[in-house]
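Asks: Residues per chain are reported as follows:
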Amino acid sequence: MTEYIDVDVRPILRAGGEPFSVIMATLERLELGQGLRLYATFKPVPLFAVMADRGFTHSERALDGGEWEVLFTPAEAAKQTAAPATTPSFENWPEPAVKLDNRDLDPPEPMVRILAAAEKLGPGETLSALLRREPVFLFPQLEKRGYRWLGGFTPDGATYELTVRAPS
Amino acid sequence: MIGASISRWTMSYFAMAVAWLFVALALMVAGVGFPAADLAAPDTLVLVHVICIGWLSLAMCGALFQFVPVLVARPLFSEKWALPALALLTAGLASLLAGFLALGGRLPAWLWLLPLGAVLLTAGFGLIVVDLGLTAWLRPVGPARFVLVGLASLCATVAFGAVFAFALAGWAGSVGQLILAGGVPLHAIAGLGGWLTLTAMGVSYRLLSMFMLSPDVDDRKSGTTLMAGALAIAVTVVGGVLAIGLFAGLNVVLSIVAVLGLATAALYGRDLFAIFRARKRRQLELNTRMATLSFASLAGTALLGAALVVTGNFAAHVGAFAFLAVFGWLSGLVLAKLYKIVAFLTWLETYGPVMGRAPTPRVQDLVAERRASKWFMIYYAAVWTGTLMLLIGLPSGFRAAAMAMTAGVIGIVREVIRTRQLADVASPLRLPGGARAPHLLFARN
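Quick mapping for you: the protein sequence lines, in order, are chains F and S.
Each residue of the first sequence is one higher than the last, beginning at 1 in our numbering.
Each residue of the second sequence is one higher than the last, beginning at 1001 in our numbering.
Think of the hints as simulated: they come from the structure by calculation, not from any bench.
All values derive from a computational prediction rather than experimental measurement.
Watch out, some of these pointers could steer you wrong.
Within a straight-line C-alpha distance of at most 27 Å, the following computed DSS-like cross-link-like pairs (lysine-lysine) qualify [said to hold, decoys possible]:
hint, chain 1, residue 1, chain 2, residue 2
1, F, K120, F, K144
2, S, K1280, F, K99
3, S, K1280, S, K1221
4, F, K43, F, K99
5, F, K99, F, K120
6, S, K1080, F, K144
Derived coverage of chain F by chain S (criterion: at least 3 residues anywhere in the stretch with Cβ under 8 Å from a Cβ of chain S; other residues may be distant) [claimed, not checked]:
hint, segment
7, 2–15
8, 101–107
9, 138–147
Below, a sample of chain F positions facing chain S; criterion: calculated Cβ distance under 8 Å [said to hold, decoys possible]:
hint, residue
10, L32
11, A116
12, A118
All C-beta atoms in this analysis are idealised placements derived from N, C-alpha and C, irrespective of residue type, glycine included.
Using the sequences and the hints given, assemble the complete structure.
Replies: Shown next, in the form of structure tokens:
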């Protein structure tokens, strides 16, 4: 069960302020597996893409008076509890154009091959890769190049499944 | 951000640590401190703190600034604290050393330098403990738990050290004098056994299984090992302080700690065997082969300690015991891993941005293992010879061994600098379009 930290930016918005930095500051303080529950005076559509890049899926609910409650759930937790295909933000991802099994490669070869394959993807195409470990050094490289990704360990914890999508 | 970026100041910590290692080697070659002087002599205190704070602690902190974010897949709590912490530790150590020199009459009797050094060191280590502790706390499983216990031990070590420093300056009252009179073994065990050894063990679990393609050690197994180690440190600190407070001797406490320490080393050995047995990579890299010599030194330290206790010679040879632990086990492991970590980080920093867009070298292309291995062999052979010279009481032989150690370390450090400068990467691959050569002393992350 994902634990959510509440952020209510309605007072900031009503006062005409900019809530983005507060949301990002809260995000930095989240512990692994924790999600974010955001209250806003409008549906914060631009934030959805930003949060997806940071590995969060979202689900929103209209409140009274035109206000919104949005749940941002870490993709790893979402993936482990639900089938990836039903995760809302990622449901339009195409089938992987490339499938890599990098489980038995010496580090850092898995990262090298993923980046090499990612560079060859067409706009919006995806690749999938099987790994032994969470590729922590790969994520900043993907982020810098504008790729999105979704990853998580299989329930037995032996394989990390990663899907990378090229910028469209 | 999810993931781990390159730690900006890890190389700076490594560079400062290596500089202090050369200071320590120079002191040993020159015959300053133990064995030429008594174990408790001010000159020996200078030598011991150059090694344990300057060399080992700085190298360990530098490695942890990179390693802990990798363990928890989150950025460091605050990267901004790393450089001020290094400045505080360096200034604190310099002040502490000057205080010891004053204590030994080599400087005017400026004993206030000792508490000043203690305050600066406490501030520096405090920043590091909070920074790394808050980061490791995000995912306190597996090796991160070792780091947390190591950091707690560091706090205990620093607390003892600070009390000693104030007591030596005459500012700590009768309680301070009491703790100074009896607490030195507790300070040493918490520092070498808790902070340095338990942290090194935790780091080694992950690095070994990563580089040998071996599954991680089961959390329950490594948890047992950690429990034994943590218990040893807890008994040392709590039991030791109680014993001092009750004017009882430390013998009972130290006996319990010795048994727990042996158990920790044995359990760690069991875990290491499991990692090596389950490995998918048959051909071992130099850093792993050299790390095994460090594990052998740890086993040797445990056996030597047990043998000395059984024959009733421990007190007479505690210097040889500590020397093997510090240079065979800890320094050997740090040097071996330094060799690999610098190569990997340099590779990632230089080629990460262009990877997939241009041909890039492999990590192994940055190092020349055949050339490096002889320097490691010289180093280990010299350490073991030095231990033997201390045991048979031959100070001149020890100084010769220290000279050979220095030669080995110079060779290893030269290789590491060449790696950082990409000196062994052939020209077309060395700097593909868009890649920048790294700076020697810090990373552009």
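Asks: For K1280 (chain S) and K99 (chain F), compute the direct alpha-carbon distance and say whether it is at most 27 Å.
Replies: Distance ~22 Å between K1280 (chain S) and K99 (chain F) Cα, so the pair holds.
Asks: Any CB of chain S closer than 8 Å to the CB of L32 (chain F)?
Replies: holds, 5 Å
Asks: Take a quick look at whether K1080 (chain S) and K144 (chain F) sit within 27 Å of each other, Cα to Cα.
Replies: holds, 22 Å
Asks: Have a go at the A116 (chain F) hint: is there a Cβ in chain S nearer than 8 Å to its own Cβ?
Replies: Since the shortest Cβ distance to chain S is 4 Å, the answer is holds.
Asks: Need the status of pair K120 (chain F), K144 (chain F): alpha-carbon distance at most 27 Å?
Replies: holds, 16 Å
Asks: With a cut-off of 8 Å between beta carbons, are at least three residues of the segment 2–15 of chain F near chain S?
Replies: It is violated: at least three residues are needed, and the segment 2–15 of chain F offers just 0 whose Cβ sits closer than 8 Å to chain S.
Asks: Taking beta carbons only, do three or more residues of the segment 138–147 of chain F come closer than 8 Å to chain S?
Replies: holds (count 6)
Asks: Would the stated hint for A118 (chain F) survive a check requiring a Cβ distance to chain S of less than 8 Å?
Replies: This interface hint holds because 6 Å falls under the 8 Å limit.
Asks: Verify the proposed pairing of K43 (chain F) with K99 (chain F), using a straight-line Cα cut of 27 Å.
Replies: Roughly 36 Å between the alpha carbons, so the hint for K43 (chain F) and K99 (chain F) is violated.
Asks: Hint check: K99 (chain F) vs K120 (chain F), CA-CA at most 27 Å. Holds or violated?
Replies: Given that 27 Å is the threshold and the Cα spacing comes to 13 Å, the pair holds.
Asks: Is K1280 (chain S) close enough to K1221 (chain S), meaning Cα to Cα at most 27 Å?
Replies: Distance ~20 Å between K1280 (chain S) and K1221 (chain S) Cα, so the pair holds.
Asks: For the segment 101–107 of chain F, do three or more residues have a beta carbon lying closer than 8 Å to a beta carbon of chain S?
Replies: holds (count 3)
The structure does not agree with the numbered hints 4, 7 stated previously, though it agrees with the rest.
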